[in-house]
Amino acid sequence: MLRVSDPDRFQKISSGVQSIVVTVAVLVGGAWTLFAFHAQLQVENAKAQLMKLQREIAGEANVELSLSAHPLPAQTRNTLYIAGNLAFINRGSHVTAIAIKEDSLQVRRVIVQDGLVSYGQAVNVQVDPGHIPFRTTSISLFPGVEKRASF
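Numbering of the sequence shown is given in my numbering, commencing with residue 56 and proceeding in unit increments.
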């Protein structure tokens with residue numbers, strides 16, 4: 056059993072020890088918080104999550120574009136025909152419009168020789184008139200809807 060001969064003195068000493076322990080605990084907790092937030096990139100992660108949430112609330116268009124093409128047999132020696140598909144799909148949450156000009160899609164011959172790359176003259180692609188004409192000014196894309204153009 057512990058005997059205290061002077062209770063006032065014991066109370067002062069235990070109060071001082073308690074103050075020191077609480078101060079050390081606050082300092083260790085603060086240092087851990089700084090480490091967790093800065094060393095583990097918590098600030099950057101929190102900002103990225105906030106930006107993602109703000110974009111989702113505001114809504115945005117996210118257009119995915121895919122292009123597939125393959126060569127066709129040429130009718131003359133200096134002619135190359137390419138058939139293909141251009142697909143647009145809006146993976147976002149809002150309607151968007153894509154502006155398209157008549158010369159939006161071009162083909163170039165790529166030549167690689169001795170590690171050097173050179174490009175031929177650009178040729179405008181003619182779109183099949185039965186599909187989305189590239190002469191239009193824009194294509195409206197609703198969320199989840201896909202539109203295709205053949206060339």
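Derived by calculation from the structure, the hints in this document are not laboratory data. Please note that the accuracy of each hint is not assured.
Calculated cross-link-like contacts (lysine to any residue; reagent style SDA-like; alpha-carbon spacing at most 25 Å) [said to hold, decoys possible]: (1) K102 / I144; (2) K107 / V200; (3) K202 / F92; (4) K107 / L96; (5) K202 / V118; (6) K107 / A124; (7) K67 / F90; (8) K107 / A138; (9) K107 / V81; (10) K107 / I153; (11) K202 / A138; (12) K102 / S121; (13) K202 / S121; (14) K107 / S173; (15) K107 / L127; (16) K102 / V79; (17) K202 / L108; (18) K107 / K67; (19) K107 / V79; (20) K67 / V79; (21) K107 / Q95.
Taking the hints in turn, this is what the structure says about them:
This hinted pair does not check out: K102 and I144 have alpha carbons roughly 29 Å apart, beyond 25 Å. The suggested pairing of K107 with V200 holds, with an alpha-carbon distance near 23 Å, which does not exceed 25 Å. Annotation: proposed proximity of K202 to F92 is violated, straight-line Cα distance about 45 Å (limit 25 Å). A C-alpha spacing of about 17 Å is found between K107 and L96, which places the hinted pair at or below 25 Å, so the restraint holds.
Among the hinted pairs, K202 with V118 is consistent with the structure: their alpha-carbon atoms are about 11 Å apart, no more than 25 Å. For the given pair, K107 sits about 35 Å from A124 by alpha-carbon distance, which is inconsistent with the 25 Å threshold. Between K67 and F90 the CA atoms are separated by roughly 35 Å; this puts the pair beyond 25 Å, and the hint is violated. Note on K107 and A138: the hinted pairing is violated, with a Cα-Cα distance of about 39 Å set against a maximum of 25 Å.
As the CA atoms of K107 and V81 are separated by approximately 34 Å, the hinted pair breaks the 25 Å bound. Proximity of K107 to I153 is assessed by CA-CA distance (about 23 Å); at most 25 Å being required, the pair is judged to hold. Restraint check for K202 and A138: the C-alpha separation of about 17 Å stays at or below 25 Å, so the hint holds. Annotation: proposed proximity of K102 to S121 is violated, straight-line Cα distance about 31 Å (limit 25 Å).
A C-alpha spacing of about 11 Å is found between K202 and S121, which places the hinted pair at or below 25 Å, so the restraint holds. Between the alpha carbons of K107 and S173 the distance comes to roughly 41 Å, so the proposed pair goes past 25 Å and is violated. Annotation: proposed proximity of K107 to L127 is violated, straight-line Cα distance about 44 Å (limit 25 Å). For the hint linking K102 to V79, the alpha-carbon distance of about 31 Å lies beyond 25 Å, and the restraint is violated.
Our distance criterion of 25 Å between C-alpha atoms is broken by K202 and L108, whose separation comes to about 28 Å. Of the supplied pair hints, the one linking K107 and K67 is violated, its CA atoms being roughly 54 Å apart against a limit of 25 Å. Restraint check: the Cα-Cα separation between K107 and V79 comes to about 38 Å, which exceeds 25 Å; the hinted pair is violated. Among the hinted pairs, K67 with V79 is consistent with the structure: their alpha-carbon atoms are about 19 Å apart, no more than 25 Å.
Simply put, K107 and Q95 have alpha-carbon atoms about 20 Å apart, close enough for the 25 Å limit, and the pair holds.
Hint check: violations occur at hints 1, 3, 6, 7, 8, 9, 12, 14, 15, 16, 17, 18, 19; the rest are consistent with the structure.
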